[in-house]
Structure formats: structure tokens, C-alpha cells
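Between the sequences and the hints, there should be enough to build the whole structure, so can you do that?
2 protein chains.
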Amino acid sequence: MAAWGAEAPPRPGPRPRLSIGDLAKAGVALADELGLEAVTMAKVADRVGFTPMSLYRYVGSKDELIQLMFDEMGRDLGVSAERAHGWRDGLESLAHALADRYTEHPWAVDVPIAGVPTMPSQVAVMEYGLELLVPEGLEPGEALGVLQLVAGFVRSHSALVRDITRAATPGAALSPFSAASSRLADLVDPAVMPRVAEAARLGLLSPPAPDSAAADEELDDLRFGLDRILDGVEVFIERRHTGQV
Amino acid sequence: MAAWGAEAPPRPGPRPRLSIGDLAKAGVALADELGLEAVTMAKVADRVGFTPMSLYRYVGSKDELIQLMFDEMGRDLGVSAERAHGWRDGLESLAHALADRYTEHPWAVDVPIAGVPTMPSQVAVMEYGLELLVPEGLEPGEALGVLQLVAGFVRSHSALVRDITRAATPGAALSPFSAASSRLADLVDPAVMPRVAEAARLGLLSPPAPDSAAADEELDDLRFGLDRILDGVEVFIERRHTGQV
DNA sequence: TCTATCTGTGTATACCATACTCAATAACTG
DNA sequence: CAGTTATTGAGTATGGTATACACAGATAGA
Chain A
8 MAAWGAEAPP RPGPRPRLSI GDLAKAGVAL ADELGLEAVT MAKVADRVGF
58 TPMSLYRYVG SKDELIQLMF DEMGRDLGVS AERAHGWRDG LESLAHALAD
108 RYTEHPWAVD VPIAGVPTMP SQVAVMEYGL ELLVPEGLEP GEALGVLQLV
158 AGFVRSHSAL VRDITRAATP GAALSPFSAA SSRLADLVDP AVMPRVAEAA
208 RLGLLSPPAP DSAAADEELD DLRFGLDRIL DGVEVFIERR HTGQV
Chain B
8 MAAWGAEAPP RPGPRPRLSI GDLAKAGVAL ADELGLEAVT MAKVADRVGF
58 TPMSLYRYVG SKDELIQLMF DEMGRDLGVS AERAHGWRDG LESLAHALAD
108 RYTEHPWAVD VPIAGVPTMP SQVAVMEYGL ELLVPEGLEP GEALGVLQLV
158 AGFVRSHSAL VRDITRAATP GAALSPFSAA SSRLADLVDP AVMPRVAEAA
208 RLGLLSPPAP DSAAADEELD DLRFGLDRIL DGVEVFIERR HTGQV
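Here the protein sequences line up with chains A and B, keeping their order. 8 is the number of the first residue of the first sequence in this note's numbering; add one for each residue after it. 8 is the number of the first residue of the second sequence in this note's numbering; add one for each residue after it.
Hint data in this document are derived by calculation from the structure and do not stem from the laboratory. Treat the hints loosely; a few may be bogus.
Lysine to aspartate or glutamate pairs mimicking DMTMM-like chemistry, simulated, CA-CA at most 20 Å apart [stated by the list, open to error]:
id, chain 1, residue 1, chain 2, residue 2
1, A, 69, B, 117
2, B, 32, B, 138
3, B, 69, A, 83
4, A, 69, B, 44
5, A, 32, A, 83
6, B, 69, B, 96
7, A, 69, A, 40
8, B, 69, A, 117
9, A, 50, A, 99
On a predicted model such as this, the values are computed, not experimentally measured, just so you know.
Below you can see the structure in the form of C-alpha cells.
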């Protein structure tokens, strides 16, 4: 796979003027500025000073380019198992590092998950997680399951945060569906769905006011879910240590 | 919002020959047969015996149609809080019902998450979850957090299962990336990533052989993640009951 | 120097979402 | 019952999209 950067032996013909990484970086920059839907072969080509069709010398399809962009944005998370104070601290660092990346690159939550993780940055996360969890007695398969749990939660949480942020940002194009969330209290029949109606009344289903506390709330939500997951993992590790499972 | 089916008062002009639900159902059927990328306005129109442009009398955009399809596929999960034996059993039933739906409609994991859940089927899930968890002492916001955890996990797990299944199915169009997973063992340098290399050697990163045990493995993985989450929630509920939090 | 091979370009195609216009339709008004 | 008017579904058109294909120039090895 190209993303793993096998070194090319000397060949006849002109040397490529780009690398796959250049292409991925250009795509990331474009998506950062204008969103994922703005990433077209033509615009990426323009950004690197190429014609659209030349990109196909580097990637087999646009989908492949998108996957490379996702890998690019997940590189070098700055976590290391040696520096972590135990598995729990390590997983928390990972979760926050991932969440930060999603915040920096909001489009990344729109990139479809393409099968079992095989891109370098994802594999690096796997190695990290295995280093944290296998010494605690987890089987590799179990450790990967925990990792999937954490990474998946951060992703879905980040997606929610992004959409809420977008809906609460005046001037942003809000879909007809996010627009409806503020009216959800009117749509839900309290007789049929009393608890949702109450939650809507409490404002839990509307975008929060864009005050300074919004970021804190998002962080709280991340922590809440993460704490539940890690509590569950802790229970499992305890049981494994005491031979109950 | 149209999906909530406000009844139309008598109006001049021809009566609409379709309903939004018809359109959503047609889209679902199409996606079931040919995948989400096959869902185009033209093909859906063809299926209901309309011209492409007529669909815009019912939906504002293709994205809106896709959201309606997602709502359609999540309707009537067949769970009820009254029938559940406690919150944990109730959440397990929900998770399995959702997983079954994703299995029946694999394209659903490709539907982008559009903000805070506001579609009827999603709101029904919310009501269900609140009924299960609020009596245990959780705040509505906490209960929604737990629900997001469960639903998000089932979704990401289902995505993985679908991609693995697709990769293991001979004849299916497998992306260059899923194709690479079988070669991951060759790509990873054991000196740099010893634990991933070992996991690859154990076959944990390759699609499983398409034997009869595959379905069981998938179910095991679902159970594993779900058990961790619910263990974590259980710890939280215990603490709440004993006033620790 | 010759040759095989690779790069980036130019051109062309098929598909797609969707804007705009219009004739036919059917409820409401008198 | 006749006229008015809003609405439906069809027809036509447009701009953007990914990508197939063929070619001219460039370059490393013989």
C-alpha cells in the first residue's frame, strides 16, 4: 500500500514531482478551509499546481485520497506508552489527543470508516493501545476491542460536538435537520414521549448558547463517556487480575 | 419537519400521489439491493414511477432523503421499557436490535450523522433509554450520554463487521485498503511495532475465514464491547445509589 | 546515442444534483 | 355550476463531478 511509503528504485522516465504525502497534505489543508465536500480532484490539483488527471498517477481514486487524508490527520498524536502513568492515563491521553485532532480537522468525522484499520497512523494507535493493555493481562483481541471502543466513542462524540457547534454558529449553513432540533420541543407529544419532552424542556436537545462555557460542556461530555468506558475496562482488568475471567 | 408527518389540510391542486414515507421506503429498498452509492434521485424516481425532478416536491435535497431513509430503517425496533428486565437488559436488547438493523441495512453505517438526533425513530430510542435509566437515578443528560455511548458503539461495531464481511466475501468489490489488510503482516516492521506484528501473526487483523463461526465471532465482539460499557454504567449507577456521586 | 518507460497534459464521456418553466389538475369561491 | 388559484408532476437545461484514454516530453540505463 502506497501510504506505507515503499522506497522506489531508480527507474527511467521523469521523477515524480510530488509525493503521496504532499497530496494528502494538500487535501487536508483544503478540507480544513472549505470542508470535505470542497475536496475535489480539480481543487486539490489546483492547489499543488497540477492538472486534475495527474493526481491519478499518485492515487487510484478520490476515495483513496480521502483515506490518505484521514491517515495524514491522525499522524503523530504525541502519545507514548512509556510516558503514560498506567493504562488508564494512557487511554485518556489517547482519547484527548484524538478529540483534539477532530476539533482541528472537523471534516474527519465525515470520512467513512474503511474496513479494518490498516493505515500507518491507525496502526500506530493500535501498537500504543496494545502496549498499554496487554501487560494488564488482556488478550490482544480484547485490547483491540477496548481500543475500538475508545476511538469509536471519541469519533462519535466529536461528530456530535461539531454538528452542535455548527448549528450554534450564526451564519453557518445549518441543515434542515439541525434547524429542527430547536423546535423538537414542539414536535414531541408530551403524552407519547414524556421523558424526551422533559429533556427538550430542559434544553438538553437544543444547541447550547454559544457562550464561553460551551467548550467546557463538551469536555465534560467527553469525560463522562470516557469515564464510563474506562470504568468498565477497569472492572474487566480487575477480574482478570483476580482470575475471575 | 416533514418526517414527523404533519397532516396536510385540504388544498387546491392535485393530491400528491406519494408520501415522504413512500420515498424513504423506495430509497431503503434501493440501498438494500445496490448500496447507498446507487441511491440517486433518478433511480429512486424510477422506482416510484416518477421523474427525477418530481422528488423535489417531497424532499428539499438528496441529503434530506438520505436522512429520511436512515430514520425509516430505524423505526419500530421492537423494544419496550416495560418488557425489559431492568436497565441493563433493556440496553442490551436495544443494542442487539440496532445491530440487527445494521445487518439488514448495511448501507446505514455510511449515512453521515446529522447533528443532534431529531428524527422520530431516534427520538423513540431516546425515550426508551430515558425510561430505563432515569429511574436508576441518572440525570437526563447522563442518560443521554449513556445512550450515545451504546448507539455509537453499535454503529461503529456494525461498520467494522460490514467491512470485514465484505472483504471476506469473494467477488465483492473490495477497496484497495481492505485488500491491504491481509498484507498488513508484511507491511508492519516487527522491530518498530512488535505488538501489532504479533497481532497480525495471530490473524487478528485479517478478515476471518468465511466459515460458519464468523457470525459467532462478530456477536462475541459486540458482546465484549457492550459488556465493558454496561459494566462502566453499572459502576456509575452503584455509586449514584450509594451517594458517592 | 538509442530505447524503453514513466510523468503530467489535453480531451472527452457519462453521470449527477438541481434550477426553471409549464400544462394539467382539483379544491375553494361565488 | 363557473371561475379562480394553488399545487402537482413533467420537460428541459446547466454546471460540476470522477475518471477513461491517448500523447508529448523527459529521463535512466543499454
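ask   = Which of the numbered hints are not met once you compare them with the structure shown?
value = 2, 3, 6, 9
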